[in-house]
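Each protein sequence line maps, in turn, to chains H and V. Mapping to the numbering used here: the first sequence position 85 is 85, numbers consecutive. Mapping to the numbering used here: the second sequence position 315 is 315, numbers consecutive.
Just so you know, the hints here were simulated from the structure itself, not pulled from any lab data.
Dumping the calculated DSSO-like pairs for lysine-lysine here, alpha-carbon to alpha-carbon at most 30 Å: (1) V:Lys188 <-> H:Lys92; (2) H:Lys95 <-> V:Lys204; (3) V:Lys195 <-> H:Lys95; (4) V:Lys39 <-> H:Lys95; (5) V:Lys204 <-> H:Lys91; (6) V:Lys204 <-> H:Lys97; (7) H:Lys271 <-> H:Lys284; (8) H:Lys33 <-> V:Lys204; (9) H:Lys93 <-> V:Lys188; (10) V:Lys39 <-> H:Lys91; (11) H:Lys95 <-> V:Lys188.
The following label-pair restraints were derived from C-beta to C-beta distances: (12) V:Arg178 <-> H:Lys92: 32 to 40 Å; (13) V:Gly214 <-> H:Lys271: 41 to 49 Å; (14) V:Arg284 <-> H:Glu124: 56 to 64 Å; (15) V:Glu234 <-> H:Arg225: 52 to 60 Å; (16) H:Lys271 <-> V:Gly113: 48 to 56 Å.
Treat the numbers as computed from the prediction; the structure is a model and nothing was measured. From the three backbone atoms N, C-alpha and C, an ideal C-beta is built for every residue, glycine too.
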Amino acid sequence: MTSLSLKELNKLPVRLASGHRLCAGCAESIIAKQILMGTADPIAVSASTGCFEVSTTIFPYTSWNTPYIHTAFGNGAATCAGLETAYNALKKKGKIKEDIKFVNFAGDGATYDIGLQALSGAMERGHRMMYVCLNNEAYMNTGIQRSSATAMGASTTTSWAGTLQPGKKEFSKDMTEIMVAHNIPYVAQVSPHNWRDTVTKASKGFAADGPSFINAISPCPRGWRFPSDETINMARLAVETCVWPLYEVVDGKYALTAESARIADGKVEKKPVLDWLNSQGRFKHLLQDKWEPVVEAIQGEVDRRWERLIKLSDL
Amino acid sequence: MTHDIAINGDNAVALAWRQIDPDVCAAYPITPQTIIVEKFAEYVANGEVSTEFVCVESEHSALTLCTASASAGARTFTATASQGLAYMWEMLPITAAMRVPLIMAVANRAVSGPININNDHGDAMSARDCGWIQLFSENVQQAYDNSIIAPRIAEHPEVQLPCLVNLDGFILTHAIERMTMVETADVKQFVGEHKPLYPLLDVKHPLSHGNMDGPDFYYPHKYQSVLGMEKAMEVTEQVFKEFADLTGREYHLVDEYLCDDAEFVAIILGSSFGTMKETVDQLRAEGIKAGCAMPHLYRPWPEAALAKIMKGKKAVAVFDKHLSIGAYGPMFPEVVTAAVDLDAVPKMYNVIYGLGGADATVAGFKKAMEDINAGKAPKITYLGVKS
Chain H
1 MTSLSLKELN
11 KLPVRLASGH
21 RLCAGCAESI
31 IAKQILMGTA
41 DPIAVSASTG
51 CFEVSTTIFP
61 YTSWNTPYIH
71 TAFGNGAATC
81 AGLETAYNAL
91 KKKGKIKEDI
101 KFVNFAGDGA
111 TYDIGLQALS
121 GAMERGHRMM
131 YVCLNNEAYM
141 NTGIQRSSAT
151 AMGASTTTSW
161 AGTLQPGKKE
171 FSKDMTEIMV
181 AHNIPYVAQV
191 SPHNWRDTVT
201 KASKGFAADG
211 PSFINAISPC
221 PRGWRFPSDE
231 TINMARLAVE
241 TCVWPLYEVV
251 DGKYALTAES
261 ARIADGKVEK
271 KPVLDWLNSQ
281 GRFKHLLQDK
291 WEPVVEAIQG
301 EVDRRWERLI
311 KLSDL
Chain V
1 MTHDIAINGD
11 NAVALAWRQI
21 DPDVCAAYPI
31 TPQTIIVEKF
41 AEYVANGEVS
51 TEFVCVESEH
61 SALTLCTASA
71 SAGARTFTAT
81 ASQGLAYMWE
91 MLPITAAMRV
101 PLIMAVANRA
111 VSGPININND
121 HGDAMSARDC
131 GWIQLFSENV
141 QQAYDNSIIA
151 PRIAEHPEVQ
161 LPCLVNLDGF
171 ILTHAIERMT
181 MVETADVKQF
191 VGEHKPLYPL
201 LDVKHPLSHG
211 NMDGPDFYYP
221 HKYQSVLGME
231 KAMEVTEQVF
241 KEFADLTGRE
251 YHLVDEYLCD
261 DAEFVAIILG
271 SSFGTMKETV
281 DQLRAEGIKA
291 GCAMPHLYRP
301 WPEAALAKIM
311 KGKKAVAVFD
321 KHLSIGAYGP
331 MFPEVVTAAV
341 DLDAVPKMYN
351 VIYGLGGADA
361 TVAGFKKAME
371 DINAGKAPKI
381 TYLGVKS
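Generate the whole structure from the sequences, applying the supplied hints.
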């Protein structure tokens with residue numbers, strides 16, 4: 001595990017250089033830098049097609065100061081697994097000396113939807129690799145289309161808020177729990193507002209003797225419709241409203257962490273989901289009276305998932 | 001030292017792989033390729049190879065994992081067929097564009113639909129425009145030999161392209177034939193140690209593989225692959241020569257049978273080349289001077305070698321085991337293109353045959369060839385189809 005003092009973390013190599021082409025206020029590079037601080041070992045990175053990929057590797061430039069590969073959209077886990085397999089083959093033959101860690105970064109579309117099969121396969125096979133979902137809750141790279149990670153009530157360009165429908169009609173898929181069901185050594189949810197929690201979890205993930213999965217909420221000013229200097233506040237609010245609980249599952253054992261642990265302990269008050277909906281343009285239509293039942297349903301589902309997590313953490 | 005064995009095509013490919021002992025192999029089962037990976041898995045289980053063997057959850061992941069592995073610097077093999085190759089299709093041009101010398105055996109099988117497990121060349125032809133080198137095999141011996149030859153072509157520093165080794169499903173994959181094997185030490189020496197160019201896991205020299213190209217770079221990168229393919233033609237001839245020196249078995253960009261004095265020739269791929277040779281013998285017994293040829297190397301397309309064979313012929317019959325519905329068999333327009341610069345262009349015919357495992361017999365071939373020789377055949381014949 002790497003040291004958690006900012007002074008020490010600053011001494012780690014800069015693996016993702018600034019000057020990339022992500023939007024102002026995008027959380028993805030912030031999350032990636034925190035994740036990459038999780039080990040002092042060399043890291044080989046793969047990326048699934050998406051915002052993060054196109055913004056960091058437009059030829060002839062690259063933002064990566066560490067080995068990096070991209071192949072396609074739905075196969076980030078298999079790409080990363082390929083690096084790890086080659087490493088195992090070459091390491092045992094003495095052709096590679098270093099201890100190398102492996103991580104794939106993917107958006108929610110590449111994780112929850114098109115890449116689910118490849119991800120499931122790689123986790124089941126036990127590759128020693130980390131998979132990080134940069135979850136901005138829609139296909140932002142193609143212009144804000146709904147994914148199965150999109151929250152109920154969010155207006156997207158394929159689930160519009162209209163006269164007949166209140167944005168997306170379904171709750172998001174619980175991807176983190178699907179990963180827990182793979183019985184891999186380490187699963188966690190993180191938020192970029194809490195760098196200490198994220199770096200700690202990344203350290204645990206990289207240290208795990210097998211696959212690890214980290215689901216990171218990644219506020220998107222463009223897709224969520226909020227000012228680009230509010231990214232970190234937005235990430236914090238996701239946790240404070242329990243829309244995005246911080247927790248980890250180590251070898252099957254659940255534990256709430258950071259602010260989420262304090263909310264569960266009653267030390268901090270849980271904020272109403274309305275605060276979350278009020279903060280972003282994608283939900284603004286929900287403030288109309290006619291969509292009040294939708295707001296209630298969202299609060300109900302957030303509560304249900306939160307209560308379930310508390311019970312699981314008490315086990 | 002060499003010796004003869006009785007072996008089917010799939011096991012022959014697996015045997016070549018065992019002798020080469022690649023660093024990584026990832027595959028997904030599909031008929032009629034399965035025997036290759038089953039046999040190879042047995043070698044893995046018994047420690048006869050040092051390969052990291054990964055049983056992936058799909059062909060898409062198989063080719064993805066192999067592409068990344070090859071990019072990382074490992075010698076990497078896989079195998080598939082039919083729907084498996086179709087499912088890999090997204091990755092085929094990516095693998096080629098990443099310039100990794102990956103080897104893939106394809107147990108040629110019809111592509112659905114309707115679903116059909118038998119042999120034709122629909123799968124290989126769907127990969128035709130994806131930037132892969134392609135070798136075809138006439139028999140089990142060639143499936144084995146091509147498996148040993150392929151890495152030498154693909155891994156050449158000026159080629160650096162992936163290579164398909166085609167062998168006809170069931171006809172070769174499951175048929176036991178007599179074959180002369182090469183001693184393992186000779187195979188290892190012939191194939192040599194893998195020396196990857198720009199391996200990704202050289203962490204002291206970090207590289208980015210698979211970047212996004214705008215128009216300024218996409219087209220030039222494609223052109224670089226064209227140059228790699230052109231080099232592959234030259235390298236293939238050289239490697240065939242070295243292989244002949246080692247084994248006595250001579251291969252050419254286009255393998256020929258009685259073409260020199262033939263008045264008309266058939267161009268055909270894969271196991272049917274053997275059937276056509278027998279057909280040519282029977283035609284010659286009747287006084288018809290026929291010959292036949294097989295592009296052993298299908299990509300890059302050996303146009304000059306084909307033009308040389310077609311020079312001075314009255315007619316050329318192109319036998320295609322696949323069909324671009326609404327046009328021709330895929331090889332026909334390419335053979336025609338190879339002929340257009342000849343002083344006298346032969347009369348060109350296309351024969352579609354054997355789709356989805358339909359019979360490809362000497363009698364059927366003979367009838368088609370007799371009709372062509374008599375000038376009675378239409379431009380395109382759907383051989384033996386019941387309408």
